[in-house]
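Novice: Chain order of the listed sequences is A and B. Here this note's numbering is used: the first residue of the first sequence is 1, the next is one more, and so on. Here this note's numbering is used: the first residue of the second sequence is 1001, the next is one more, and so on.
Hints in this document: simulated from the structure, not taken from any laboratory. We put the beta carbon where it would ideally sit given N, CA and C, even for glycine. Accuracy of the hints is not assured; some may be wrong.
Coverage of chain B stretches by chain A, computed from C-beta distances (three or more under 8 Å per stretch; other residues unrestricted) [unchecked claim]:
id : segment
1  : 1007-1017
2  : 1044-1051
3  : 1056-1069
4  : 1073-1085
5  : 1107-1113
2 protein chains.
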Amino acid sequence: VPVPSAGIEWLVDAHGCDAEALGSLDTLATLFASIAGELGLQPAADPLWRVLPDQAGIAGLLLLGESHLSCHTFPERGLAAFDLYSREPRHAWPWAERLATQLGAREVVVRELARGERPPGPA
Amino acid sequence: VPVPSAGIEWLVDAHGCDAEALGSLDTLATLFASIAGELGLQPAADPLWRVLPDQAGIAGLLLLGESHLSCHTFPERGLAAFDLYSREPRHAWPWAERLATQLGAREVVVRELARGERPPGPA
Chain A
1 VPVPSAGIEW LVDAHGCDAE ALGSLDTLAT LFASIAGELG LQPAADPLWR VLPDQAGIAG
61 LLLLGESHLS CHTFPERGLA AFDLYSREPR HAWPWAERLA TQLGAREVVV RELARGERPP
121 GPA
Chain B
1001 VPVPSAGIEW LVDAHGCDAE ALGSLDTLAT LFASIAGELG LQPAADPLWR VLPDQAGIAG
1061 LLLLGESHLS CHTFPERGLA AFDLYSREPR HAWPWAERLA TQLGAREVVV RELARGERPP
1121 GPA
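Using the sequences and the hints given, assemble the complete structure.
Specialist: This is the structure we're talking about:
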């Protein structure tokens, strides 16, 4: 595996979550704090939150020193989509375990993607 | 292709960009405004910017009504990594063309990913 030249990103989709957790700003703020804290990432600003009308879900964005974290939740579908981007390589967070505990997720799909790699091409 | 159930995301890596453009907050702010404006996405807050020390790059995050946009730039490597997430399906933005014009990008790699799809599994 080549060294990523523009960082690394985890795209995490959590299925079968508790609708109540996905609609709770407190729950999501606690989750953001635990992700940043356990990975040793320093917030560079307060998180931005947007609570959609009609309990349609919540969006969150957190700018970190060398990275960022986002989430978008869909309480009615039991779904949440997280991105964690980092300029530097780092250890993975235990998404499946933690999201099961904190959101009641029954299935967590994690994609780890290198950023800035060139695709194979001619010469 | 199944309908995405937690939205869609474009991960865009731009190579061979002008170092000066990648280190310019004005250039990146103009770019963010043109992406949001051309796609008809309404900002839900002011963008967050972080200029890294030693001209190491700039990070930007923009919370939009039903989506978000991020960038991380690496002027010395001529690289920029963008994410555009949307809760709803929408048309792609002409990344290659626009980033060539606005950042001098020589090669743009776009990955379009459905969010919230279940992987194939037993039963």
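Novice: Now tell me, hint by hint, if it's right for this structure.
Specialist: So, going through the hints one by one against the coordinates:
1. Coverage of the segment 1007-1017 of chain B by chain A holds. Counting CB-CB distances below 8 Å, 5 residues qualify, and the rule asks for three or more.
2. Counting residues of the segment 1044-1051 of chain B whose C-beta sits closer than 8 Å to any C-beta of chain A gives 4, which meets the bar of three, so the coverage hint holds.
3. Here the segment 1056-1069 of chain B counts 7 residues with a CB under 8 Å from a CB of chain A, which clears the bar of 3, and the coverage holds.
4. Coverage of the segment 1073-1085 of chain B by chain A holds in this model, with 7 residues showing a Cβ closer than 8 Å to a Cβ of that chain against a need of three.
5. Three residues within the 8 Å Cβ limit are the bar, and the segment 1107-1113 of chain B against chain A gives 4, so the coverage statement holds.
Hint violations for this structure: none, all hints satisfied.
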